[in-house]
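Chain order of the listed sequences is H and E. Number 575 in our numbering belongs to position 195 of the first sequence; there are no gaps in the numbering. Number 485 in our numbering belongs to position 105 of the second sequence; there are no gaps in the numbering.
Hints are supplied without guarantee of correctness; some may be wrong.
Think about it this way: if two alpha-carbon atoms lie no more than 25 angstroms apart in a straight line, the pair counts; the simulated DMTMM-like pairs of lysine to aspartate or glutamate are [claimed, not checked]:
hint: 1; chain 1: H; residue 1: K808; chain 2: E; residue 2: E744
hint: 2; chain 1: H; residue 1: K401; chain 2: E; residue 2: D575
hint: 3; chain 1: E; residue 1: K807; chain 2: H; residue 2: E527
hint: 4; chain 1: E; residue 1: K426; chain 2: E; residue 2: E464
hint: 5; chain 1: H; residue 1: K807; chain 2: E; residue 2: E804
hint: 6; chain 1: E; residue 1: K776; chain 2: H; residue 2: E528
hint: 7; chain 1: E; residue 1: K807; chain 2: E; residue 2: E666
hint: 8; chain 1: H; residue 1: K558; chain 2: E; residue 2: E803
hint: 9; chain 1: H; residue 1: K839; chain 2: H; residue 2: E661
hint: 10; chain 1: E; residue 1: K807; chain 2: H; residue 2: E528
hint: 11; chain 1: H; residue 1: K812; chain 2: E; residue 2: E464
hint: 12; chain 1: E; residue 1: K401; chain 2: E; residue 2: E456
hint: 13; chain 1: H; residue 1: K838; chain 2: H; residue 2: E630
hint: 14; chain 1: E; residue 1: K493; chain 2: E; residue 2: D575
hint: 15; chain 1: E; residue 1: K558; chain 2: H; residue 2: E804
hint: 16; chain 1: H; residue 1: K500; chain 2: H; residue 2: E527
hint: 17; chain 1: E; residue 1: K489; chain 2: H; residue 2: D740
hint: 18; chain 1: E; residue 1: K808; chain 2: H; residue 2: D740
hint: 19; chain 1: E; residue 1: K401; chain 2: H; residue 2: D743
hint: 20; chain 1: H; residue 1: K808; chain 2: E; residue 2: E666
hint: 21; chain 1: H; residue 1: K655; chain 2: H; residue 2: D743
hint: 22; chain 1: E; residue 1: K776; chain 2: E; residue 2: E835
hint: 23; chain 1: E; residue 1: K558; chain 2: H; residue 2: E666
hint: 24; chain 1: E; residue 1: K808; chain 2: H; residue 2: E803
hint: 25; chain 1: H; residue 1: K401; chain 2: E; residue 2: D743
hint: 26; chain 1: E; residue 1: K558; chain 2: H; residue 2: E810
I should point out that these hints are in silico values taken from the structure, not numbers from a laboratory. Nothing here was measured: the structure is a model prediction, and the numbers come from that model.
Number of protein chains: 2
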Amino acid sequence: MSLENFFNPRGIAVIGASERKGSVGYVIVEQLKKRFKGYVYPVNPKYNEILGLKCYPSIKNVPDPVDLAVIAVRAELVPQIMEEVGERGIKAVIIISGGFAEIGPEGEKRQEKVAEIAQKYGIRIIGPNCIGILDTRSGVDTFFLPEEKLRRPPQGSISIVSQSGALLSMWVDWMAMKGLGLAKAISYGNKMDVDDVDLIEYLAEDSDTKVILLYIEGLKPDRGQRFVEAIRKAVKNGKPVIVLKGGRTERGFKAAASHTAALASGYEIYRAVFKQSGAIEVDTMEEMFDAAKAFTMVKIPRGRRVLIVTNAGGEGVLATDYCDRLGLEVPVLPQDLVDELRREVPPHVVLSNPIDLTGDTDDERYRIVLEKVLSRGIVDIAIVIAPPHPPAITGKVVDYVAEASKKFDIPILAVVTGGFIAEEFIKKFEEKGIPAYQTPERATKVAAALVQFSEYIKKFSG
Amino acid sequence: MSLENFFNPRGIAVIGASERKGSVGYVIVEQLKKRFKGYVYPVNPKYNEILGLKCYPSIKNVPDPVDLAVIAVRAELVPQIMEEVGERGIKAVIIISGGFAEIGPEGEKRQEKVAEIAQKYGIRIIGPNCIGILDTRSGVDTFFLPEEKLRRPPQGSISIVSQSGALLSMWVDWMAMKGLGLAKAISYGNKMDVDDVDLIEYLAEDSDTKVILLYIEGLKPDRGQRFVEAIRKAVKNGKPVIVLKGGRTERGFKAAASHTAALASGYEIYRAVFKQSGAIEVDTMEEMFDAAKAFTMVKIPRGRRVLIVTNAGGEGVLATDYCDRLGLEVPVLPQDLVDELRREVPPHVVLSNPIDLTGDTDDERYRIVLEKVLSRGIVDIAIVIAPPHPPAITGKVVDYVAEASKKFDIPILAVVTGGFIAEEFIKKFEEKGIPAYQTPERATKVAAALVQFSEYIKKFSG
């Protein structure tokens with residue numbers, strides 16, 4: 381069965397809906413009422429109405445259409461509820477409740493019971509012990525924190541699958557602040573049924589999703605091959621899968637084991653799996669979102685040759701260091717190009733790669749060197765370091781960079797280091813479609829991710 | 381001669397002062413007039429007055445007291461000016477002007493000429509080809525960008541020495557935005573006289589400076605031993621020296637060579653020198669400022685044993701990974717402590733290290749575990765991951781963390797991931813003296829820097 385019922389149900393029953401402000405069963409109804417495009421059916425025998433919506437005593441009484449049940453009741457009640465859900469003919473369930481495999485033998489038994497019932501009725505389950513789904517288009521939202529605590533990001537094309545619900549909620553809040561657009565965010569908790577593999581497979585075909593982010597501590601032991609295939613499918617569809625692995629060191633692995641009971645596979649195996657499948661592994665959450673932003677904004681470079689343009693020598697040096705370390709080429713400019721450029725810029729401009737326009741540069745110098753170098757087809761991507769501080773910089777550089785990127789069909793990443801004036805420049809760059817970062821290191825890591833993906837694409841799409 | 385005349389002159393002559401708004405000679409006078417505590421003497425034969433200050437036709441006419449000359453005229457005029465400065469008895473000069481060794485043979489000759497004159501009169505020089513000094517206490521400010529382009533940070537205890545003037549100005553602007561306090565920022569340009577070594581020696585004794593940041597591309601070839609000694613002196617005085625090296629890879633080194641004519645020493649040698657001297661090397665500018673912030677706020681840990689407390693399992697796992705990789709210990713809690721804690725917290729709280737308070741935690745749980753664990757003396761530093769999202773978190777956790785840190789004399793770093801509500805929490809933590817960061821990776825790197833410094837202190841202070 382497709383997962384479509386989870387993301388685009390015609391109606392949702394919220395079992396354990398509540399009138400108590402701030403409670404899980406309240407916030408879910410509140411959010412769904414606000415944004416979900418289909419029918420919302422609160423279910424709780426205690427109430428006749430919640431937030432102005434008719435409340436049903438049992439799932440049995442809920443009218444059609446209802447494609448998804450969200451269960452947020454005490455763990456002990458869940459098996460009974462599952463029976464009723466099955467009888468009612470609902471095929472998709474999100475179990476928010478904790479108190480299952482994650483708490484030990486008693487919970488494990490309960491989870492097995494739920495699995496049996498699901499099997500009997502052909503029900504797919506996300507959870508238990510999860511925060512479920514946030515879909516910015518359909519409005520499915522089981523993230524049970526009110527907006528004062530957790531802002532919802534704008535619609536966008538980044539989807540996230542996370543083994544940690546808490547991390548996922550923080551990231552969603554973070555994206556909202558940064559203005560990064562979200563398609564779907566999914567926390568699968570104990571993944572007793574739907575897991576990372578199912579979700580990647582679904583997102584690989586999802587037209588709203590262009591970039592897939594994955595936080596993972598451990599795969600189910602029998603899912604390695606399907607995981608590889610799911611990621612390859614995404615890559616073939618032009619969608620990067622960016623992975624942050626938790627539990628990479630021995631001590632970290634032990635911590636993961638008590639967190640999500642991740643199975644004991646060495647990190648080296650995961651690394652091999654990521655590489656084999658075409659996943660882009662990152663080291664930190666910052667890198668993950670830096671790369672995600674770029675993937676939604678620029679085209680994939682054709683190769684690994686980088687042009688660096690700067691007006692700050694030191695930043696050019698640092699960018700070169702990072703490129704070199706990450707295996708990106710910083711090609712030397714051919715002499716005839718240097719000669720050609722020399723006629724256009726003052727003698728103290730350093731015409732090497734990095735090109736250092738120096739502190740007395742104006743916007744125009746950026747335009748000239750980008751035009752001349754990019755037109756040669758000798759680089760695949762450019763990192764343009766454009767702090768706004770030099771007196772003659774007015775801001776036209778932003779347009780020049782955007783125009784050059786478009787004209788020559790070459791992705792450009794901008795670096796703008798500094799205070800408020802730098803933050804403004806970053807915003808301006810991004811309004812023009814150029815991903816911008818505060819430090820050369822961050823931009824260079826993004827460049828490396830873009831290049832890595834271009835190589836995966838070549839490899840897997842023939 | 382001490383460098384005191386550069387940082388605390390009684391009077392400053394600005395040679396090449398100008399009435400032209402936004403020009404170098406204008407902005408320097410403007411800034412000095414606003415904040416410098418001594419006398420400001422504009423010098424330029426073209427004007428009688430600049431910004432309401434009497435302008436002198438020549439340095440010869442400038443009255444006492446004048447301890448520092450700032451030269452911002454065309455390079456060709458500098459040798460003649462230097463003669464006049466020498467005759468006037470001034471012993472400290474900042475040469476802002478470019479057009480010296482950095483432009484090739486002609487400039488080199490000019491720089492040699494200046495060196496001869498300086499020698500003859502016993503003048504110390506910062507520069508040429510630099511932005512000079514920003515001292516937030518005395519008000520010396522030769523950073524020739526107006527405040528709209530470059531904000532000045534508040535007074536503080538971080539000093540920066542940078543081989544890149546552009547990087548330095550961006551960092552100063554960045555610090556202003558972040559509210560990080562600056563003591564002194566110095567760009568030495570071509571370092572024809574005063575160099576990194578002199579400046580570190582000076583800052584090692586400077587009572588306003590608690591942390592020294594250093595961006596360096598290359599040392600003068602004969603200064604290795606003095607560099608080691610200067611840093612050791614700082615470390616012995618309890619001041620960390622945090623170094624970011626530009627030109628670390630082969631390609632990056634070539635870029636550095638065209639930027640600052642850094643000499644060809646392999647990076648491995650620099651690494652050894654940093655280690656031998658007690659410098660803390662960082663990989664990125666973000667790490668540099670993250671660590672600097674912590675050093676100004678917390679005490680140095682006694683060892684490398686880290687406690688991690690979280691309410692988000694995934695973040696605890698990631699923090700553990702980073703600790704493990706950076707050589708920090710995450711000790712297992714003794715069983716009797718676990719038993720003691722178990723009586724105080726609900727059964728689903730994970731009483732390992734990391735301690736995972738889980739998503740239903742309130743502020744109180746943080747208080748309990750910090751009190752019980754820190755009182756045992758089994759850890760040297762704590763990383764407290766406290767996202768504000770859990771419904772029962774009100775914000776008291778901030779006070780609890782600050783109180784525990786004080787009571788048990790153990791440095792604590794906070795991690796708060798998320799959007800605006802997280803940023804507010806970060807601010808609250810820092811108001812209470814707890815350095816806070818958006819990601820576990822950043823906090824863990826800071827912890828590693830603190831631990832590294834504690835080991836240097838032990839090593840060099842006996």
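A quick look at each hint next to the structure:
Between K808/H and E744/E the CA atoms are separated by roughly 44 angstroms; this puts the pair beyond 25 angstroms, and the hint is violated. Proposed proximity of K401/H and D575/E is contradicted: the alpha carbons are some 64 angstroms apart, above 25 angstroms. For a cut-off of 25 angstroms, the pair hint linking K807/E to E527/H stands: about 20 angstroms separates their Cα positions. At roughly 18 angstroms between alpha-carbon atoms, K426/E and E464/E fall within 25 angstroms of each other, so this suggested pair holds.
Among the hinted pairs, K807/H with E804/E is consistent with the structure: their alpha-carbon atoms are about 22 angstroms apart, no more than 25 angstroms. Straight-line distance between C-alpha atoms of K776/E and E528/H comes to about 18 angstroms, which keeps the hinted pair within the 25 angstroms bound. At most 25 angstroms may separate the alpha-carbon atoms for a hinted pair to count; K807/E and E666/E meet this at roughly 18 angstroms. For the hint linking K558/H to E803/E, the alpha-carbon distance of about 12 angstroms falls within 25 angstroms, and the restraint holds.
With a C-alpha separation of about 17 angstroms, the suggested pairing of K839/H with E661/H holds against the 25 angstroms cut-off. Our distance criterion of 25 angstroms between C-alpha atoms is met by K807/E and E528/H, whose separation comes to about 18 angstroms. Using a Cα cut-off of 25 angstroms, the hinted pair K812/H and E464/E is violated, with the two alpha carbons roughly 52 angstroms apart. With a C-alpha separation of about 23 angstroms, the suggested pairing of K401/E with E456/E holds against the 25 angstroms cut-off.
With a CA separation close to 35 angstroms, the supplied pair K838/H and E630/H exceeds the 25 angstroms bound. Pair hint K493/E plus D575/E holds up; C-alpha atoms about 19 angstroms apart against a cutoff of 25 angstroms. For the hint linking K558/E to E804/H, the alpha-carbon distance of about 15 angstroms falls within 25 angstroms, and the restraint holds. Simply put, K500/H and E527/H have alpha-carbon atoms about 38 angstroms apart, too far for the 25 angstroms limit, and the pair is violated.
This hinted pair checks out: K489/E and D740/H have alpha carbons roughly 23 angstroms apart, not beyond 25 angstroms. Distance restraint check for K808/E and D740/H: the Cα-Cα separation of roughly 41 angstroms exceeds the 25 angstroms cut-off, and the hinted pair is therefore not satisfied. Simply put, K401/E and D743/H have alpha-carbon atoms about 20 angstroms apart, close enough for the 25 angstroms limit, and the pair holds. Between the alpha carbons of K808/H and E666/E the distance comes to roughly 22 angstroms, so the proposed pair stays at or under 25 angstroms and holds.
Pair hint K655/H plus D743/H does not hold up; C-alpha atoms about 41 angstroms apart against a cutoff of 25 angstroms. A hinted pair counts as satisfied when its Cα atoms are at most 25 angstroms apart, and K776/E with E835/E does not qualify at roughly 34 angstroms. A C-alpha spacing of about 18 angstroms is found between K558/E and E666/H, which places the hinted pair at or below 25 angstroms, so the restraint holds. Distance hint between K808/E and E803/H is fulfilled; the C-alpha atoms sit about 23 angstroms from each other, no more than 25 angstroms.
Note on K401/H and D743/E: the hinted pairing holds, with a Cα-Cα distance of about 20 angstroms set against a maximum of 25 angstroms. Between the alpha carbons of K558/E and E810/H the distance comes to roughly 22 angstroms, so the proposed pair stays at or under 25 angstroms and holds.
In summary, the structure is inconsistent with hints 1, 2, 11, 13, 16, 18, 21, 22 from the numbered list given earlier, while agreeing with the others.
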